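J.: Chains as they are written, first to last, in my numbering: chain A, 1 to 502; chain B, 1 to 174.
Hint data in this document are derived by calculation from the structure and do not stem from the laboratory. Keep in mind it's a predicted model, so treat the numbers as computed, not measured. Do not rely on the hints blindly, as some may be mistaken.
[Said to hold, decoys possible] One side only, chain B facing chain A, incomplete, derived with CB under 8 Å: (1) 13; (2) 17; (3) 28; (4) 32; (5) 42; (6) 64; (7) 65; (8) 77; (9) 78; (10) 112; (11) 114; (12) 119; (13) 123; (14) 127; (15) 137; (16) 142.
[To be verified] Per the computed footprint, the stretches of chain A lying under chain B, defined by three or more beta-carbons under 8 Å from a beta-carbon of chain B, are: (17) 404-414; (18) 461-471.
Ideal Cβ positions, reconstructed from N, Cα and C, are used throughout, including at glycine.
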Amino acid sequence: MNGIFSRVLIANRGEIAVRVIRACRDLGISPVAVYSEVDRQALHVRLADEAYLLGPAPARESYLNIERIIELAHQAGAEAIHPGYGFLSENAEFAEACARAGIVFIGPPPEALRAAGEKTAAKELARRVGVPLVPGSDGPVSDEEALWIAGQIGYPVVIKAAAGGGGKGMRIVRSPNELPSALRLARSEALSAFGDDSVYIEKYIDPARHVEVQVLCDAHGKCIHLGERECSIQRRYQKLIEESPSPIVDPALRAEMGEAALAIFRAAGYVNAGTCEFIVGPDRKFYFLEVNARIQVEHPVTEQVTGIDLVVEQIKLAAGYRLEYDQKDIIQRGWALECRVYAEDPDNNFLPSPGQVVALREPAGPGIRVDSGLYLGQRVTIDYDPMLSKVIAWGRDRREAIARMLRALDEYEVAGPKTTIPFHRAVLRDPRFQAGEFDTGYVARHWQGVPVPEDLLVKAAVAAAVDFHRRPKVVTGERPAAGQVQESPWKVAGRWAALRSR
Amino acid sequence: MADYVVRVGDREFRVAVAEESGGLKVTVRDEVFFIDFARLEAEPRLSLILKAGPGAAGGVSVEVVRDERGRLYPGGIPLDTEVLAARLAALEQVRRGAEAGSGRPVEVKAPMPGLVVRVGAEPGQAVRRGHVLVVLQAMKMENELSAPRDGTVRDVRVRPGQAVDHGEVLAVLE
Numbered sequence: 001m002n003g004i005f006s007r008v009l010i011a012n013r014g015e016i017a018v019r020v021i022r023a024c025r026d027l028g029i030s031p032v033a034v035y036s037e038v039d040r041q042a043l044h045v046r047l048a049d050e051a052y053l054l055g056p057a058p059a060r061e062s063y064l065n066i067e068r069i070i071e072l073a074h075q076a077g078a079e080a081i082h083p084g085y086g087f088l089s090e091n092a093e094f095a096e097a098c099a100r101a102g103i104v105f106i107g108p109p110p111e112a113l114r115a116a117g118e119k120t121a122a123k124e125l126a127r128r129v130g131v132p133l134v135p136g137s138d139g140p141v142s143d144e145e146a147l148w149i150a151g152q153i154g155y156p157v158v159i160k161a162a163a164g165g166g167g168k169g170m171r172i173v174r175s176p177n178e179l180p181s182a183l184r185l186a187r188s189e190a191l192s193a194f195g196d197d198s199v200y201i202e203k204y205i206d207p208a209r210h211v212e213v214q215v216l217c218d219a220h221g222k223c224i225h226l227g228e229r230e231c232s233i234q235r236r237y238q239k240l241i242e243e244s245p246s247p248i249v250d251p252a253l254r255a256e257m258g259e260a261a262l263a264i265f266r267a268a269g270y271v272n273a274g275t276c277e278f279i280v281g282p283d284r285k286f287y288f289l290e291v292n293a294r295i296q297v298e299h300p301v302t303e304q305v306t307g308i309d310l311v312v313e314q315i316k317l318a319a320g321y322r323l324e325y326d327q328k329d330i331i332q333r334g335w336a337l338e339c340r341v342y343a344e345d346p347d348n349n350f351l352p353s354p355g356q357v358v359a360l361r362e363p364a365g366p367g368i369r370v371d372s373g374l375y376l377g378q379r380v381t382i383d384y385d386p387m388l389s390k391v392i393a394w395g396r397d398r399r400e401a402i403a404r405m406l407r408a409l410d411e412y413e414v415a416g417p418k419t420t421i422p423f424h425r426a427v428l429r430d431p432r433f434q435a436g437e438f439d440t441g442y443v444a445r446h447w448q449g450v451p452v453p454e455d456l457l458v459k460a461a462v463a464a465a466v467d468f469h470r471r472p473k474v475v476t477g478e479r480p481a482a483g484q485v486q487e488s489p490w491k492v493a494g495r496w497a498a499l500r501s502r
Numbered sequence: 001m002a003d004y005v006v007r008v009g010d011r012e013f014r015v016a017v018a019e020e021s022g023g024l025k026v027t028v029r030d031e032v033f034f035i036d037f038a039r040l041e042a043e044p045r046l047s048l049i050l051k052a053g054p055g056a057a058g059g060v061s062v063e064v065v066r067d068e069r070g071r072l073y074p075g076g077i078p079l080d081t082e083v084l085a086a087r088l089a090a091l092e093q094v095r096r097g098a099e100a101g102s103g104r105p106v107e108v109k110a111p112m113p114g115l116v117v118r119v120g121a122e123p124g125q126a127v128r129r130g131h132v133l134v135v136l137q138a139m140k141m142e143n144e145l146s147a148p149r150d151g152t153v154r155d156v157r158v159r160p161g162q163a164v165d166h167g168e169v170l171a172v173l174e
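Start from the sequences, fold in the hints, and give me the full structure.
T.: Below, the structure is given as structure tokens:
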């Protein structure tokens, strides 16, 4: 393409790094990977044209190391950097450092990042353009102010990190006596995740649905929206299942939310892809939540229904290209769902479950897309976010998308770390989910874990017995009588060790 | 013919396996299968075809991953599995019976490697089920590890700021 970059460095890892590599290839751009010491074998390192070592595993010394990333971009001769999501994606200092170094940051300009990406500034922007806000504090609060404001707007209230996202540093508080400990936890989480312990407080809308609008803006003043995504299936305020369109959004509400989102992005002088998140109450009134000034994890559901490659658009917009679409050209076709596969134990409070992937089979077939950084033998460590991959299903309608997603989830096998796949199988089969009746409290209210189906247990028992029976027997000491079963020594040793420790 | 006790997760099954001319004859809970068994060569997978009779051409196809520690993943769900000759299982039962009722202490272990952010109880403290004993930071999240039952904290073995390994004992409850 004319004037597009020849080389782009991807300052990220995992599935999103692989996703950006693919977009680069589609544009004829040579992708450059960076990696930390523990990611030497990662898929993005092997799929890129070039790969450069950042440093040790901790993010501060690798994927958050601005100086090092820019130095490597120079070394590789990259004209642009794609930050992915998380890490440096919404870091205005990084965007500025790129500009100073003569490198294009594939994302909004630093001023727009500051105006839209920082939560309190974004709320101010929303207020100015007349988009409704959830009642709450106007900015960061002290503990004393939080108590006072909560009393004014009424419980339940929610505490959120001023600098954050992704549910980190977020706590719901239902009564005044829960407030002090919730503030302490929220500040501590905010500090460790974002290096800033300031929090704000607002009324907690319940039941609420999380609906967001995808926006694209070019550098020539055109902004369009690509419809909504519903992301109400969450745990610990982190999304697990997303879909587009939303079961509760009709064309009128879509147009209204789309206009509200566009007003905010225009006022911020925004360029590139971004998302405006809203909370929708039981009366279908919507309130501005925040702007995500980056590509989002759940962007594929929008791609599947609009046919537009958002990452390709990001790169073209950063290179100064004009949007090729007008609002009227954006048509949502069919229905798309996304299930996020995390290395977490859904039967144990979604606790992280690191480990080595010992077997892997990813789903495929009509309507199925898998965005994944997974590979056989991968060691899932605790250094980074535990999301491994995403399954995206498209169908002509919601029912077909759900049927295809279930087929894919039943095919999907990740052996090693525990994953959220069994959770997704259960939710997709839940009549409430199938009827589109859920809200952001769904997981907390309905999820209790699923027992392993009885027939699977019986089959596993048979497989284990047969496998054991057919294992080469090790003869130690006296020779066994003909036909007698000899146990393998490791098995016996393991069992007696277990007995001793009881 | 061999009798096994197979533990899958917290369940127990008695499985009888016999070598027959047509393959393996397996009896589990009054059901009899004739099994065509294959261990995949390049992957840690077992493949079984469960047939109704020794002469049947085929039947239910079952595939399950088995890692080198003997853990099975039916439907991708990891389950610790143990196979014992039935006679050894009976011995263990006797031994276990003798130990029962001694009110053994419960060890609260780290479910993953991480950093101890906070300790929520002191030795000697009486706690209710659900009381947060240790807050562990891992994968960018703070994870609260709480008492699995009512009891008295006998020992707290970690301090804030300490890095712990998977399975490390954090606190002991009695």
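J.: Decide, hint by hint, whether the structure agrees.
T.: Now for the hints, and whether the structure bears them out:
{"no.": "1", "hint": "13", "result": "holds (4 Å)"}
{"no.": "2", "hint": "17", "result": "holds (5 Å)"}
{"no.": "3", "hint": "28", "result": "holds (6 Å)"}
{"no.": "4", "hint": "32", "result": "violated (11 Å)"}
{"no.": "5", "hint": "42", "result": "violated (10 Å)"}
{"no.": "6", "hint": "64", "result": "holds (5 Å)"}
{"no.": "7", "hint": "65", "result": "holds (4 Å)"}
{"no.": "8", "hint": "77", "result": "holds (5 Å)"}
{"no.": "9", "hint": "78", "result": "holds (6 Å)"}
{"no.": "10", "hint": "112", "result": "holds (5 Å)"}
{"no.": "11", "hint": "114", "result": "holds (6 Å)"}
{"no.": "12", "hint": "119", "result": "violated (14 Å)"}
{"no.": "13", "hint": "123", "result": "violated (22 Å)"}
{"no.": "14", "hint": "127", "result": "violated (16 Å)"}
{"no.": "15", "hint": "137", "result": "holds (7 Å)"}
{"no.": "16", "hint": "142", "result": "holds (5 Å)"}
{"no.": "17", "hint": "404-414", "result": "holds (count 4)"}
{"no.": "18", "hint": "461-471", "result": "holds (count 10)"}
Figure legend: structure checked against the earlier numbered hints; hints not met, in rising order: 4, 5, 12, 13 and 14.
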